Structure formats: structure tokens, C-alpha cells
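As given, the protein sequences belong to chains A and B, one line each in that order.
Residue 28 in my numbering sits at position 27 of the first sequence, with consecutive numbering throughout.
Residue 411 in my numbering sits at position 363 of the second sequence, with consecutive numbering throughout.
Some clues are possibly wrong.
Claimed, not checked - List of simulated lysine-lysine pairs, DSSO-like, C-alpha gap at most 27 Å: (1) A:Lys70 <-> B:Lys461; (2) A:Lys271 <-> A:Lys70; (3) B:Lys420 <-> A:Lys66; (4) B:Lys101 <-> A:Lys113; (5) A:Lys107 <-> A:Lys84; (6) A:Lys144 <-> B:Lys101; (7) A:Lys205 <-> A:Lys163; (8) B:Lys380 <-> B:Lys135; (9) B:Lys135 <-> B:Lys624; (10) A:Lys84 <-> B:Lys101; (11) A:Lys35 <-> B:Lys624; (12) B:Lys380 <-> B:Lys137; (13) B:Lys101 <-> A:Lys143; (14) B:Lys624 <-> A:Lys162; (15) A:Lys113 <-> A:Lys143; (16) B:Lys177 <-> A:Lys131; (17) A:Lys131 <-> A:Lys113; (18) A:Lys246 <-> A:Lys107; (19) A:Lys170 <-> A:Lys113; (20) B:Lys177 <-> A:Lys209; (21) B:Lys420 <-> A:Lys84; (22) B:Lys558 <-> A:Lys170; (23) A:Lys141 <-> B:Lys101; (24) A:Lys107 <-> B:Lys101; (25) B:Lys461 <-> A:Lys163; (26) A:Lys170 <-> B:Lys137; (27) A:Lys141 <-> B:Lys177; (28) B:Lys624 <-> B:Lys213; (29) B:Lys461 <-> B:Lys51; (30) A:Lys144 <-> B:Lys177; (31) A:Lys256 <-> B:Lys420; (32) A:Lys162 <-> B:Lys101; (33) A:Lys143 <-> B:Lys624.
Unchecked claim - In silico negatives: residues of chain B with every beta carbon more than 10 Å from chain A: (34) Leu120; (35) Asn168; (36) Ser210; (37) Thr262; (38) Ile325; (39) Thr343; (40) Glu527.
What the hints contain is simulated information worked out from the structure, not anything from laboratory work.
No experiment lies behind these values; they were computed from the predicted model shown.
Note that CB positions come from ideal geometry on N, CA and C, so glycine has one too.
Chain by chain, the residues:
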Amino acid sequence: MRVLKITALAAALLLVAASMVFAGPTYDRVMKDKALKAGITNKGKPFGFINDQNEWVGFDYDMAKEIAKRIGVEFEPVVVNNKTRVSFVQTNPPKVDMVLANMTHKRVRDEKIDFSITYFFDGQKFLARKGAINSAAELKGKKIGSMQGTTSIVNAIAYMKKLGDANPKVTGYQNEVEMFEALRSGRVQAISTDSTLLIALAAKEPGKYELVGEFISDEPYGVGLPQDDSAWRDVINFTIQDIWKDGTYMKIYNKWFGPDSETPFPMTEKIEMWP
Amino acid sequence: MLKRYFEKIWVQNTALLLMLGLISYYFTFVFEFRTDLNWSILITETEYGHMGKLLLNGLGLTITISIYSAILAILLGTLFGLARLSKFKPVYGFATVYVEFFRNTPLLVQLFFWNFALPNAFSEEIRMKLFELNFEFWAATIGLGIFTSAFMAEIIRAGIQSIPKGLLEASYSSGMTFGQTLRRIILPLAFREIIPPLGSEFLNNMKNSSLAMTLGVAELCWSMNEVEALTYAGFEATAVATVTYLVLSLIIAAFLNLVNMKLKIIGKGQEPLTRRIADALFWPVGAVWETVSRTFRRLTRPKASSKTLTPFQEFMHTAKSMIWKGTVLGSKVIFVLFLAWLAYRTIMGVASFNFTIIADNMRALLIWRFPKGGSTEVFFGLGGLAMSIVMAVFSISVSFFIGLFVGMGRTSKNRAIKVPCTLYIELIRGNPLIIVIFWMYFFFPVIFGIDLDVFWSATWAMTIFFGAYIAEIVRGGIENIPPGQTEAAKSTGLSYLQTMRKVVLPQALKQMLPAIVGMFIAAFKDTSLAYIIGVPELTTAAYSINNRLMLYPFEIYTTIAVMYFVCCYLMSLYSKYLEHKLSPEKVRLEM
Chain A
2 MRVLKITALA AALLLVAASM VFAGPTYDRV MKDKALKAGI TNKGKPFGFI
52 NDQNEWVGFD YDMAKEIAKR IGVEFEPVVV NNKTRVSFVQ TNPPKVDMVL
102 ANMTHKRVRD EKIDFSITYF FDGQKFLARK GAINSAAELK GKKIGSMQGT
152 TSIVNAIAYM KKLGDANPKV TGYQNEVEMF EALRSGRVQA ISTDSTLLIA
202 LAAKEPGKYE LVGEFISDEP YGVGLPQDDS AWRDVINFTI QDIWKDGTYM
252 KIYNKWFGPD SETPFPMTEK IEMWP
Chain B
49 MLKRYFEKIW VQNTALLLML GLISYYFTFV FEFRTDLNWS ILITETEYGH
99 MGKLLLNGLG LTITISIYSA ILAILLGTLF GLARLSKFKP VYGFATVYVE
149 FFRNTPLLVQ LFFWNFALPN AFSEEIRMKL FELNFEFWAA TIGLGIFTSA
199 FMAEIIRAGI QSIPKGLLEA SYSSGMTFGQ TLRRIILPLA FREIIPPLGS
249 EFLNNMKNSS LAMTLGVAEL CWSMNEVEAL TYAGFEATAV ATVTYLVLSL
299 IIAAFLNLVN MKLKIIGKGQ EPLTRRIADA LFWPVGAVWE TVSRTFRRLT
349 RPKASSKTLT PFQEFMHTAK SMIWKGTVLG SKVIFVLFLA WLAYRTIMGV
399 ASFNFTIIAD NMRALLIWRF PKGGSTEVFF GLGGLAMSIV MAVFSISVSF
449 FIGLFVGMGR TSKNRAIKVP CTLYIELIRG NPLIIVIFWM YFFFPVIFGI
499 DLDVFWSATW AMTIFFGAYI AEIVRGGIEN IPPGQTEAAK STGLSYLQTM
549 RKVVLPQALK QMLPAIVGMF IAAFKDTSLA YIIGVPELTT AAYSINNRLM
599 LYPFEIYTTI AVMYFVCCYL MSLYSKYLEH KLSPEKVRLE M
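In isolation and in its complexed conformation, chain A is listed as follows (with noise of 0.2 Å):
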């Protein structure tokens, strides 16, 4: 018994070790396994989903792919959700690397992990059926969805509030196919998350929905890398202006948002380059 007590502690003090040896700054660990481990979702098309040959794809598993093969190291895509992506280059050390998951720079987010440069410019709007809402106005007093674990839900309450609505009916679902499925059954009279989102999902019934309104909100996208590791944030800054100067961006890009995607959003704004 004795015996066995002491094996245990043992083991449990050398686990903690050598998690304490692979606690390094993120740079070193990555130049050092030569693998890059990138957080991406699997269920938010356009941005990372599984495609019907059953192949993990999208606009932010290309460019993840990218960044790896710039810095010249192996790819290894781990899966991430809403609820996971934060905490994943959170922990320590970190679950993963670097993290491309639709997912907007925040200041409360910054205080818990960093940000690289944006590498997508998107903005919050609402989704309803063709011609049944012509101005956000409009929807004062009726339901609204939106997703849980998004700040989608918070804009889009004070949005509603801002517009005169005392108190707005918003719905936060689990994710995309459960706030589409209110919309098509007519529980909710308008969806509201990011405008990309939303044209995806639009493109899954073509003509029957619309976008309504003005943008409510920027949602300027950042790769999520773990606090304070300054050496990495620049490795990723650098590979992201460099994938933009070469044209490559737009390559990538218009695989998944050309006119002639399913899912079209034109390109409005530049990457921050310095000089």
C-alpha cells in the first residue's frame, strides 16, 4: 500500500515536470518540433467545416496552412469550437499554437491571450426572409436569434436597445444550424451574427433570404496566439503581410468569398502593412 502511495506522488511529480519542460515561449517550441498546431472549427462554414469528400476545409484552414508552410513547418490543424478557442492558447502551455476561428479582436480577449494583425474584416448584420423586414427598425418587438458564446448576442441587444426596444427578445442558440433553423421554421424573425456567416447560410436556400440593414458592428478578425511570446507574434504579423504582398491573400480569399464562391463577399478594406 505503502509502496503504491509513493509510485503515485512519484508519477504525479514527474507529470508536473514535464509539463513544466514544455512550458517554453511558443517560437522556440515551434522551431524546435518544426509542427505548427493551429486551432480551427469544423462546423462554421465557410471558415473551417467538413465537406461532403468528408476533407476538413475552409478560408481560415487554408490560410493556417499557409502561415505553417511560410514559417517552413508542419501542419497540424486541431479542432476548436466557440467555447474551446480562447482557452486553448490560454492554458498553459498551450493546447495550440495559434488559433483561426472566425474569431474577432476583442479587448477582453486581449487581456487574456494576444492578437496578431487582422486578417479578415467582417461585420455584424441581420439575416431575415425576403421582404419581410425592410429596416432593422423593423424588428422592435420581434424575436431575434443569435449565437451563444458570441459577442453577436450582446451587439445585437444593444443594438435593439439603442433603436428603442426596452427590452429585446434575443435568443442565443448553440451555433449556426440551430439559429438557421429558427429562422427557416419562423421562431425568430431575423438571425444576427457575422455578415460571412450569414451569407453562407443564406446561399443554402438562394433567393429566399436577405440581409437587413446596416453593419452594427466591426468584427476585424485575429489569429489568437498565446500571451505574451512577442518572438511568435511577429513570426505571425510578418507571414500574414507577406501572404497579402504577394497576392497569395486573394488567392485564398476568393477561393472561399470570389464572386464566383457560394458564398460572395467582396473585399473592402487592406491589411495594416508597416513600412
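Got chain A; can you put chain B on it based on the hints?
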């Protein structure tokens, strides 16, 4: 020598104190928390609103859902429990299908069915009327009530069947009608028998209400997630939710103990304190019941002159019984017609399915991306049904050993063993599995510095969770063995471990097997909860496919419901077979 010391109370207490000291030493001096705890977010207004109020609202909704669904569950449970005993085959068959179906599919999948598929059964107008109401809330509440009712129906049926036949014969021969026998004999006796298992169903019901979050109902678990998503104060939010669920569980358990006490038959003047508290608490209920039933009795008491009937009265009497017979026959016909309509609707519904969609995605539902998964995916990208089975098999086999030792530990007389075991069991059993998964996933790695991926955290969370339940089954099994056997074993010179291994456990395990198979079924169904942290098991696979297709949720959800059902039902058949095989009085002796 050491053993004798350990039998002394003060040594045990010192050992307990030492453990407590070591734990507090570890957390105050050795362990460094990665992020600073910020409890103030719970009491101050943040950028996104007041988080404390959000959690309080969540608690309110959790309590409301639990109460409504518990009432529905006990009503439906009694109804279907009785229906399971009916001699009329269609009623019996319908009740059996109801119980088996709802017991053997995961609650999560059922909730999705109520929320997404059910509204399509109504016309456009009614659907819109329904959506005007708080639809998600009612779908969650009714779905939860129906799920719990299937378990309660079985408990109630078992309770009723445990009543000796002689009592029923006696009551009929003394001239009581069926209604009177039911009310006066069957239900009171049966309920006394089944209060403990029924109580644990009420507890489960409360804990299962946490799944309402998947429909977007802002109950406690939902609020906890929202606080985490908005402020990243995950530790604080989860800690608050854990404590709240524990307190709720304790309150329900205490209340049910009082009910149990109140129903126990105890001689006058020998009542313990708890019984007196229970008496005082339930006095108003009893008083109201007495008054109502007395008035009812007086009103329906037959008049003294009713011993002889006038021809008119006789005619009325026969007419009445004719009408009654007619009503019974009529309702039987209506019921059969209703069943036929239900079967027709189901067949039509299934026939309109897009079966190519199901066929195309069958491979992904069964094995996900295996063997084409990337290097970071567990088991070469294995997922879907296969992953659910792997998770269930692992967690049940490991939790069996945890349960065995902890269950033995809880029956131990030694405090230094008994107290930690009891704490473990009660702490885990007081919380929903979702909360245990969150702890295991977000905080266990931080506290112990072990890096777990989603698969292993979910699997270990389930293992720890079911370990606590199996420990209770083991304890029940051990306590069922007559104490004389242990005494006999001890007097022949066997040590504690030998007694356990050679005498107590072989007998206890035999009794426990059906209950443990029941746990296996529960574990298999609960693998569906791992979708919350993104383990690619069956429910997650269905989600991802649905996310790509969007337009065929019913096909996908029905397919996985059938998959879960087939697996669980096979296991429950096996459990029945075991139960039959292991009870010697039912087996025909062969020479």
C-alpha cells in the same frame, strides 16, 4: 500494530486533518494559479451587463424548468406505469414502446427532436401561435418531463408489482372497487416502496435541466457559459454554478428524506426528530387532503334506502353500467384509431425522408474521418458511433474499479477512508455531468499540470462521474449481504480484504450486475454530452454534417436517434437476460 493504531478514532481524525492540511498547503504555497481570480465580475456591472444577475436569472429558470418538468414527469410516469400493467394489449404495447424509446435515446437528441421536428407536424397557423409562446422553454420543459417520466414509469410499475397478490384479492373480496383498491391499497403501498428511487429521479431531473441550454434556454448552465464567453472568468463562473447545483441537490435530497420519513410506518411515541419535523411540514397537505376526501366521501355515500331498488332505479343502474361499458369500449376503439393514426403519420414522415442523404453520410456517422484523420486527431480521426462506443467502453470499465474501491471505502468503519470516499461520491453526484466535463476540461489540466485533449477529458470526466454512481450501487450491494456472513468469515480468520474478495463481493456483484448494465446504457447515452467540448462522437458528427447540409436536420437526427436506440436497447435486453439468469429462483433446474 499499525492496524490497531488505525482503529483508534483520534488517529483517523488526525489522518483526516493531515489530508486537509496537505491539500490547503498545496493550494496556498506550491500551486500557482495561472490567471488571477476576479470574483468582482460577479457583483459589479461589466461592459456586457451584470454577470451576477445573469447567473441569478439562470438559477430562476433552472428551478422553474425542474419544477414544471418534475410535475409532468410524475403524472405521465404514473399514467404509463399503470398502462404497463394493463390487460388491454394496445395500451400495454403503446406504454412499452413509450418507455423503451424514451429511456434508450439520449435526452439531448430528444430535445432536438421536440424543438426542431415537432413544430413541423402542425399547420403553419398553429406553428406560428406556438412560436408566439416561449417555445424553446416549453420544448425543453416538456421534453425533460417526458424523458424523466419514462424512468419513473418503470419505477412505479416495479413498485406496484411488488405488492403481494393476496392484498389485492383481499381488497376485492371485501367489496372494494378497482378505483378504491388503486387509491387505498395500491398507490399508498407502492409509493412508500418507491420513494428512494423516485427521489433520485427528481434529482436527475433537476440536473438534466442543464441540457436545456442546448436549445438556447438561458438556465444556469447557459448563463455560466455566457459569463465565461463574455468575461473569460470561466473558473469563477463554473465554481458558482457547481456550488449552486450542489446546494439545489442537497435541498431536494433533504426534502425527499422528509417525505420518506413522513411515509414510514412508525409506532406512536417513538418518532425520531426528523419524523416530527416532517409531520409539522406536511401537516397542511394532510389537512387539506383529509377535508377534501371526507367531503367527497359524504357526498358519494349511498343512501340508506338504496338497499332495495325501485324498477326505475334498477333500470338506471343497468343503463349506467351499459353506458360505462360503452364508454370503455368506445375509448378502446378511439385509442386503437389514435395508434393507427400515429403509425400512419410516422410511416408517412419516414417515407418522405431523403434517404440518399442518410446513405451518403452513413460512413461519417459511423466512423467519421477514420483512417484519414490528421496527426492531431485521436485514433486517426475515428469518430461518430464508433467513438461513442470507445468512450463508453473505456469509461465504464475504469469507473467500475473506481466504484468498487470507493463503494467499499464508503462502507468502511475507518473515518480516514470513509470521509474522503463520501465526499467524492456526494460532490460528483450533486452535479450535472456537463459541469463535471467543464471542470475536467478547463481546470483539471491547470490544477494538475496534465495536458489532456478533448477526447480524454470528456472520457475521464465520464469515468469519474459514473465511478461515483457505481460506488453507490456497490455500497447497496455490500449492505444487502447479511452481516452474519461477514462475521462468519471474520471468525474463520479471513482478513478484511479476503472477506470482501471471497465472500461479500462475489455475491454482491451478482446482485449489482443489472444495475451496472443500466449504468452502461446511461454512459453510452451520455457520451452525447461530449459534443459540448467538441469530441467528434456521434452527436458531434451529426452536428457537423448538419452544418454542411443545413436542410436535412430530421433525417440526420432521426438516424442518430435510431443508432443510439438500437445500441441501448440491445444492452437493456442483455440486462434483462442477465437479471433472469442470475436470479436462481427463476431458472429451471436441470440435472
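Looking back at the hints listed earlier, which ones does the structure fail to meet? 1, 7, 11, 14, 15, 17, 19, 22, 25, 26, 33, 35 and 37
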